[in-house]
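Enquirer: Let the hints inform the model, and build the full structure from the sequences given.
As you go down the protein sequences, you meet chains A, B, C, D, E and F in turn. So in the working numbering, spot 78 of the first sequence is number 78, and the numbers just go up one at a time. So in the working numbering, spot 180 of the second sequence is number 180, and the numbers just go up one at a time. So in the working numbering, spot 146 of the third sequence is number 146, and the numbers just go up one at a time. So in the working numbering, spot 182 of the fourth sequence is number 182, and the numbers just go up one at a time. So in the working numbering, spot 181 of the fifth sequence is number 181, and the numbers just go up one at a time. So in the working numbering, spot 192 of the sixth sequence is number 192, and the numbers just go up one at a time.
Simulated from the structure, these hints should not be mistaken for lab results. Just so you know, these numbers come straight off a predicted model, no measurement behind them. Where a beta carbon is used, it is the ideal one built from N, C-alpha and C, also for glycine. Among these hints, one or two may not hold up.
Unchecked claim - In silico lysine to any residue, SDA-like type, Cα no more than 25 Å apart, as pairs: (1) B:K206 - C:W50; (2) C:K80 - E:T111; (3) A:K80 - B:S84; (4) F:K206 - E:R99; (5) B:K206 - C:E184; (6) A:K80 - E:E77; (7) B:K56 - C:E184; (8) B:K56 - B:A106; (9) D:K151 - D:R96; (10) D:K80 - F:S45; (11) F:K233 - F:A194; (12) A:K206 - D:Q49; (13) A:K80 - F:S84; (14) D:K206 - A:A226; (15) F:K151 - D:T72.
Unchecked claim - Each pair of labels, with its calculated beta carbon distance range: (16) D:D210 - A:A234: 20 to 28 Å; (17) D:A194 - A:A216: 13 to 21 Å; (18) F:G5 - D:N74: 38 to 46 Å; (19) E:R7 - C:E178: 29 to 37 Å; (20) E:S15 - A:N74: 55 to 63 Å; (21) B:G169 - A:Q146: 39 to 47 Å; (22) E:G19 - F:G5: 51 to 59 Å; (23) D:N74 - C:W153: 51 to 59 Å; (24) F:S215 - D:T70: 41 to 49 Å; (25) D:N74 - A:D210: 53 to 61 Å; (26) C:D9 - B:N74: 27 to 35 Å.
Chain by chain, the residues run as shown.
Number of protein chains: 6
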Amino acid sequence: MRVDGRRPDELRPASITIGYQRTAEGSAMIEVGNTRVLCAATVESTVPQWMRGSGKGWVTAEYSMLPRATITRNPREVAKGRQSGRTLEIQRLIGRALRAVVDMNALGERTVILDCDVIQADGGTRCAAITGAFVAMSTALRMYQQAGEIKHWPVRDYVAAVSVGVLGGAPLLDLCYEEDSAAEVDMNVVMTGAGRFVELQATAEKSAFDDAQLSALIQLGRGGMAGLFEAQKAALGGR
Amino acid sequence: MRVDGRRPDELRPASITIGYQRTAEGSAMIEVGNTRVLCAATVESTVPQWMRGSGKGWVTAEYSMLPRATITRNPREVAKGRQSGRTLEIQRLIGRALRAVVDMNALGERTVILDCDVIQADGGTRCAAITGAFVAMSTALRMYQQAGEIKHWPVRDYVAAVSVGVLGGAPLLDLCYEEDSAAEVDMNVVMTGAGRFVELQATAEKSAFDDAQLSALIQLGRGGMAGLFEAQKAALGGR
Amino acid sequence: MRVDGRRPDELRPASITIGYQRTAEGSAMIEVGNTRVLCAATVESTVPQWMRGSGKGWVTAEYSMLPRATITRNPREVAKGRQSGRTLEIQRLIGRALRAVVDMNALGERTVILDCDVIQADGGTRCAAITGAFVAMSTALRMYQQAGEIKHWPVRDYVAAVSVGVLGGAPLLDLCYEEDSAAEVDMNVVMTGAGRFVELQATAEKSAFDDAQLSALIQLGRGGMAGLFEAQKAALGGR
Amino acid sequence: MRVDGRRPDELRPASITIGYQRTAEGSAMIEVGNTRVLCAATVESTVPQWMRGSGKGWVTAEYSMLPRATITRNPREVAKGRQSGRTLEIQRLIGRALRAVVDMNALGERTVILDCDVIQADGGTRCAAITGAFVAMSTALRMYQQAGEIKHWPVRDYVAAVSVGVLGGAPLLDLCYEEDSAAEVDMNVVMTGAGRFVELQATAEKSAFDDAQLSALIQLGRGGMAGLFEAQKAALGGR
Amino acid sequence: MRVDGRRPDELRPASITIGYQRTAEGSAMIEVGNTRVLCAATVESTVPQWMRGSGKGWVTAEYSMLPRATITRNPREVAKGRQSGRTLEIQRLIGRALRAVVDMNALGERTVILDCDVIQADGGTRCAAITGAFVAMSTALRMYQQAGEIKHWPVRDYVAAVSVGVLGGAPLLDLCYEEDSAAEVDMNVVMTGAGRFVELQATAEKSAFDDAQLSALIQLGRGGMAGLFEAQKAALGGR
Amino acid sequence: MRVDGRRPDELRPASITIGYQRTAEGSAMIEVGNTRVLCAATVESTVPQWMRGSGKGWVTAEYSMLPRATITRNPREVAKGRQSGRTLEIQRLIGRALRAVVDMNALGERTVILDCDVIQADGGTRCAAITGAFVAMSTALRMYQQAGEIKHWPVRDYVAAVSVGVLGGAPLLDLCYEEDSAAEVDMNVVMTGAGRFVELQATAEKSAFDDAQLSALIQLGRGGMAGLFEAQKAALGGR
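Expert: Written out as structure tokens, the structure reads:
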């Protein structure tokens, strides 16, 4: 029995609302349990210097937490003048995850920037950010497609992410903050709608793990994906 | 007739919702037309170095805009490694405004930090931040009072803020973004519930102004305060 | 009776000397009581990116204090790697004040940079900087006009600034440092030679103020302008 | 047949030399093919603030590349004033990997800092850094143990790392730079001497991967570990 | 015949005025030809961390140029967030020069900070800064001695500096800016009142030099010192 | 008798190995006693902005110490976000020294960057860096000459550097760290193969020095050059 009454293989309630930030081309507020992340998509008609003239697009992400997304206030990163290693690592992960399902030729020389701002943090913020950012990006690109600016739909598949971990020897799906801070092993699984891996990061926080545990975790992660893809489809109107 | 159909002396619809960010001691989402600012209050049991041992408290504020609070994306300030002059100016203003109604002796050696994050910007964000931060701060302090940690209620009066301006020669209350960017004169009025001024900043953006215009603007600002104090009282439960 | 023996509506002795820094196109050392600010004007033949091709000019300012302009040494801002909020606020104010009296079309695609360096600080440094910078700018532009590079004189009016405040309930003109740090209300008035307002910033440092006090302060500020315009005219040779 | 003539499951020649930097408590120059990383261990008798009084130690790492470790010069990070996301990510990985095999109670309130400076980069620098840093750390701690400052040997097991990847559909062990930049899937495996996982990071650089590919990569990685543990033992004198 | 009509071994007119900045313990405006540097001395009752408890004092310096000390404006260093290599080099030089003549035991655990701000630059600003800073420091310490806070006079000797150089093959004393930028060899000589060297920096800007040229330059520098010590004595009232 | 048994005028064993870093156009590991500096040369086909179109080249240098080049770890400069004054001073010195022997017209519009990274520090690192960087630069330029990209050999003469100092009243050649930290006078001599001075920096660390001491030091430095030029020639294959 888990701290919030869930079964080991039970995802927290997940829902995604589009259009939360009317000023953005595409936006999505994702809620996974008490974790809430606001994702906004911006489509710019330039690409980084090293890609100019290639005819291909680019997808990148930025991640930040509001100071009071956590129970004790965490200072703004601008106060230190730089982003932390954790922040940079997460935004690199989000960018890679989304790039894995985008056809850069179909996108053309455009950059999609995903801004993921954590409003409330209760574990799994980077996974929620990936799952929500996919919806924000799709919404924005749909607008560009409808306006005729993009000819071929550049999104090849869904992509979502979930955390799994080992706590007290037992594998658990979708860790909340309390579980996450006590877990022996922590793993993030990023997967496409077709069930293929995009990214897989497993870390032994307290004790090293063996093949059997690794398999169990991967199984669990795969199982949790269904609920996330459903939430994405619901938000995007069954598209 | 204004761009959004309002009368010259008409405030935009204003509402404040408390408890938006459950992780914070006090939080308030303020909406004034399309402007939305999330305000969170943190009460820390320390004060800045130069106040230690004085028995007095301190109130300070931080202000930021999400990148897509605006129609075109504005880069995060952490990317440049420092806050802009505009941001620093606004957070200094918010801090002064709130300090004006707090009894620092009653607060004791505590610091209240107000985080004001703009979710959507349509003019008047600094005024909305002041008005919302007052509610977030009051909610947080009420919790401390109920817990018996604060003996005497340290908030002496309400405080709210509104912008006024001259556009096409006519004085207008509560400018939206479109009006604000075209205004000849721009003014922010910060006022207490008792109708006294806390701060008054008038700037000739396009042409200098005379005493008559100044009087008209101040009158207009004073008139707009009622709606804001009502929204604050409604949010705080008629307290 | 004030700390330095002045009447409530009495300005400190004010004088401006041009040509202090021979290396600059225009320079002015302004002294108001013990406050001394060295202002230098630079005319560059470029404008900020967003103005290129507009045919219009720009005016901007930088403000700094020498470490020993004050009784106790204040560290250089470069040591912290960034300018303080106070510095940024002041240089934005000086820039706005001067732009208010410059015809940007007549200036043409040029930028005037005003460097205001405080040599000695005894209250009112931002007001002195505005008043002195006007003289430095006029001197530099006169040189450009005499060289035939500028056809139409781009300075439409004088502009100067003075501080007023409420101390012990009494409104006072031109506060020195000792008065300034104890004042209940502090206000800066920026005004054109024609007696119109360019900027007006009133702050309740210790207690909120009402309409009557506001009127009294504005009256006092207006009264103090005469002496400053005279000092400007004297420095500019009666121009 | 691979670019350098190796079989798919063949490790590059790996050797480790201790004592390269005589000024350090422990140092190791690791060479894996053309990749060369100089690792130095420093033992300090303090721990980070949040660990003081816990009786436990800490292990942390820093990673950097000399500008000419690469065929085209890459500018020093100090020139930009900050470490890149890649660098921060790598040093966090090295720290986690080594902490996984250290008994922090046996270490006592000491911090071991591992400086990993890449002299030549030809793929797999982060893995080489982990493998070499283990030797540098062990050498330094042995000195402390011999001096009687550490009673119980705090290193519980060996730890080493190797990269694997999918290139042209085929799984390959220990990618050199040319292979790494063309790989479809890239994975780093960090493992203990006992054959348990400490960290596992798989990224789909060009196409998502399935369970079968994942298993093949993990098998390959496990197989490559033997050669690395041998090099570590040889360097440490069979200890 | 030199550009300003001087003989090769002729110093520019040098004068030093004390008390220029009334807010400082000691201040001196030094003029050497058109070069003008404002030097201010601050005496603080602390020393750097590594000197605490030693009973000894410390002397340090900061150097800066006003943006319009030069014919074309040079941007403030705070704009780049850091001091240039040139600035750091100069302030290290000034600090070393003054420390060479101060008895740190007599000074006691105090730090003297010398702020040297260049008002006008026409060559030789670092030398003028050393020569002027000596006077500012002496003035400040005299105040402390008269107040009885310092028992033994801690200044053991005078110290001053002058530049020499080779231009068109001829050795010249005290180069102005025009000469300095064309010189083949540039040298700064820092010397005590007793005629001993404190620092000597010779640089071949355009062509290497031999022993004979070196001797000639040193001779010339030594000869120029007299005029500087006289200016120092005149400023300090024959002390 | 010196701490390491040398005579006062005896250089430490000096050797230079080229090709240490195979990834660089030219590289040299210089060892002078226990001091070891890795120098790498990069030839880029651009020049700084202010030199474009001049037909002339440029030579510049960067200097850094590995954290454990010293007995106690010195933190990386990137941690503070900026290079220290000492570092900037040294890289400026290395750049000037090498520029003195390069014919910039023969080099053409190319920049040679010398990266000097100290592996072990035991005094005299800046001198070793100059001496080694000369070899790295020559190796790289030879490659360009052999490839026919450079027509005329642009290196006009050898350049090397050595430190001398006064310790216990006695002049010593080539100070090791222990001697350097105790020396009364410290001097760096940079000289060409033809025996002319490029740079000469003498500092009275503890007591001022006179003409006789200066002459003795210069003599000593000149004497030590022979061994360094030999090491350079040996490394460059008698070229």
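Enquirer: Are the Cα positions of K80 (chain A) and E77 (chain E) separated by 25 Å at most?
Expert: Cα-Cα ~20 Å, so holds.
Enquirer: Does A226 (chain A) lie within 25 Å of K206 (chain D) when you go C-alpha to C-alpha?
Expert: With Cα atoms ~24 Å apart, K206 (chain D) and A226 (chain A) stay inside 25 Å; holds.
Enquirer: Compare the distance between the alpha carbons of K56 (chain B) and E184 (chain C) with 25 Å, and conclude whether the hinted pair is satisfied.
Expert: Roughly 18 Å separates the two Cα atoms, so the pair holds.
Enquirer: Run the distance test for K80 (chain C) versus T111 (chain E): straight-line Cα separation, threshold 25 Å.
Expert: With Cα atoms ~20 Å apart, K80 (chain C) and T111 (chain E) stay inside 25 Å; holds.
Enquirer: Looking only at beta-carbon atoms, does the pair G169 (chain B), Q146 (chain A) fall within the given range of 39 to 47 Å?
Expert: About 42 Å separates the Cβ atoms of G169 (chain B) and Q146 (chain A), which means 39 to 47 Å holds.
Enquirer: If I claimed the Cβ atoms of N74 (chain D) and D210 (chain A) lie 53 to 61 Å apart, would that claim hold in this structure?
Expert: violated (38 Å)
Enquirer: Is K80 (chain A) close enough to S84 (chain F), meaning Cα to Cα at most 25 Å?
Expert: holds (20 Å)
Enquirer: Below or equal to 25 Å on CA atoms is what counts here, so check K80 (chain A) against S84 (chain B).
Expert: Satisfied, since the Cα-Cα distance of roughly 14 Å is no more than 25 Å.
Enquirer: Given the hint of 20 to 28 Å, is the C-beta distance from D210 (chain D) to A234 (chain A) inside that range or not?
Expert: About 27 Å separates the Cβ atoms of D210 (chain D) and A234 (chain A), which means 20 to 28 Å holds.
Enquirer: Is the distance from the Cβ of R7 (chain E) to the Cβ of E178 (chain C) consistent with 29 to 37 Å?
Expert: Given about 53 Å between the Cβ atoms, the range is violated.
Enquirer: Holds or violated: K233 (chain F) with A194 (chain F), Cα cutoff 25 Å?
Expert: OK: K233 (chain F) and A194 (chain F) at ~14 Å, within 25 Å.
Enquirer: Is the gap between the beta carbons of G19 (chain E) and G5 (chain F) within 51 to 59 Å?
Expert: holds (57 Å)
The structure fails hints 5, 19, 25 and 26 (numbered hints given earlier, in ascending order).
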